[in-house]
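Quick note, the sequences are listed as chains A and B, same order. When the letters of the first sequence are read in order and numbered with the working numbering, they come out as residues 1 to 113. When the letters of the second sequence are read in order and numbered with the working numbering, they come out as residues 1 to 111.
These aren't lab readings, by the way, just hints derived from the structure by calculation. Keep in mind that the hints are not guaranteed to be accurate.
Straight line, CA to CA, 25 Å or less: simulated PhoX-like cross-link-like pairs of lysine-lysine [claimed, not checked]: (1) LYS80/B with LYS68/A; (2) LYS58/A with LYS108/A; (3) LYS108/A with LYS99/B.
Just so we're clear, the structure is a prediction, and the values are computed from it rather than from any experiment.
The residues making up each chain are set out below.
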Amino acid sequence: GENVEQHPSTLSVQEGDSAVIKCTYSDSASNYFPWYKQELGKRPQLIIDIRSNVGEKKDQRIAVTLNKTAKHFSLHITETQPEDSAVYFCAASMEAGSYQLTFGKGTKLSVIP
Amino acid sequence: SQTIHQWPATLVQPVGSPLSLECTVEGTSNPNLYWYRQAAGRGLQLLFYSVGIGQISSEVPQNLSASRPQDRQFILSSKKLLLSDSGFYLCAWSVDRVKTFFGQGTRLTVV
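With the hints as constraints, model all of the structure from the sequences given.
Shown next as C-alpha cells:
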C-alpha cells in the first residue's frame, strides 16, 4: 500500500518568513495530493490540493509543488503569520477504488511573532 | 451545500462499556464515508471506509466496527471499549470521490 513520509515533524519560523514542508510517497499510481491544516482540538481543514497532471498550484500565500518523477511534493507558505501556527498534514490517494487518503505524520508549525 | 454532522463532541466512557458514534452527511448522495482515529499528538489513521450502503472495508484489525444503514449515515461502534480506544475520532466524506472533508470530531476518553 501507499506510504507517505513527511518532514520536518516540527518547524519554527519568524513571522514574515517562509515555511516549507516536504512529503514523499511510495506508490507511483497516486495522483491526488491534498494538504490539511489542523488547529489544536479542531478538525483537519483542506487548504490546498494538487493533481498529478499539474506541477504547481498557488492560492494566495500558499503553494504546492509536485515532482512525479521523484515522488515528492511540498507545501510552501510565504509571509507567515501567527495564525498559520498549526499542524499540517500531507496526504496521497489514487482517483480510483476507495479513494482513501494516506496521511503523513504531520508537521507542527510555529510562527513566532 | 454539503455538510457533515458528527456527535457527540466529547465522550467519557468506562472500560468495557459499549460505544456508538454517529455521522451524517447532508446535501449529497452516495458519498464515500470514512472513520479516522487520531491519537494524541499523532497522525490520522484510517479505520473504516464505505463506498455504499452496507459496504464496509476495515483497514486495521481492532476492537471497533462500522455500519452504514443509510446512504448518508455512518456509525462507529464497539461492544467493549479498551483504554487504547481513547482518541479523537473523525468522520469524513469525499466529494467527487476525491476531495475529503472532516466532521467536527469526537474526543473519546476511556477511563
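Verification of the hints:
no. : hint                  : in the structure
1   : LYS80/B with LYS68/A  : violated, 45 Å
2   : LYS58/A with LYS108/A : holds, 21 Å
3   : LYS108/A with LYS99/B : holds, 23 Å
Going through the hint list in order, the structure does not satisfy hint 1, though it satisfies all others.
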